[in-house]
Amino acid sequence: MKRLKILCFASMLIIFMVACFPMASKTIRALPVETKQQILAQYNTEQLKEGEQLFINNCGSCHKLKAAETQTPERWNKIVKRMIPKAKLNDQDGMLVRAYLIANAKDE
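For reference, each letter of the sequence shown is one residue, going -24 to -1, 1 to 84 in mature numbering (1 follows the signal peptide of the UniProt record, and there is no 0).
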C-alpha cells in the first residue's frame, strides 16, 4: 500500500512538472528553418539590431552568450525555440532574436 502511494505521488509530481514546463507558442514552434537570405529579406537592419539587444539583455542575463556565428541557422532555430519561453520573451521579441541569430549564423 505504501508503494502504491509513493508511485501515485511520483506520477502526479511528474505530470505537474511537465504541465508547468514553459513551451514556446505554437507560432514560434511552427517556424521553419529559414536561410540567412530569407531572414534578410524579411527583416531590416533596425529590427536585427533590436534582436541583437534583446539577445544580449535577455539571454545574457542567465548565461554566457555564444557568438551568433558559432551555430548554423538550423541549430539556432532549435535553440531559440527552446529558450524563448525560459527568457519569457513574447513571440515578436523571440522572432527578432531568432532573426538576428540566423542572419549572423555561420554558413552551413
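Treat each hint with caution, since some may be false.
[Claimed, not checked] With a straight-line Cα cutoff of 27 Å, these simulated DSS-like cross-link-like pairs (lysine-lysine) come out: (1) K(-20) x K40; (2) K(-20) x K64; (3) K12 x K(-23); (4) K82 x K62; (5) K(-20) x K2; (6) K2 x K(-23); (7) K40 x K64; (8) K62 x K2; (9) K40 x K62; (10) K57 x K2; (11) K25 x K54; (12) K(-20) x K42; (13) K2 x K42; (14) K57 x K40; (15) K(-23) x K25; (16) K2 x K12; (17) K12 x K(-20); (18) K40 x K54; (19) K12 x K42; (20) K25 x K42.
Calculated directly from the structure, the hints in this document are not laboratory data.
These numbers come from a predicted model, not from an experiment.
Hint by hint, here is what the structure shows:
no. : hint         : in the structure
1   : K(-20) x K40 : violated, 42 Å
2   : K(-20) x K64 : violated, 36 Å
3   : K12 x K(-23) : violated, 57 Å
4   : K82 x K62    : holds, 24 Å
5   : K(-20) x K2  : violated, 36 Å
6   : K2 x K(-23)  : violated, 41 Å
7   : K40 x K64    : holds, 17 Å
8   : K62 x K2     : holds, 15 Å
9   : K40 x K62    : holds, 15 Å
10  : K57 x K2     : holds, 10 Å
11  : K25 x K54    : holds, 21 Å
12  : K(-20) x K42 : violated, 45 Å
13  : K2 x K42     : holds, 26 Å
14  : K57 x K40    : holds, 18 Å
15  : K(-23) x K25 : violated, 58 Å
16  : K2 x K12     : holds, 23 Å
17  : K12 x K(-20) : violated, 54 Å
18  : K40 x K54    : holds, 18 Å
19  : K12 x K42    : holds, 18 Å
20  : K25 x K42    : holds, 17 Å
Hint check: violations occur at hints 1, 2, 3, 5, 6, 12, 15, 17; the rest are consistent with the structure.
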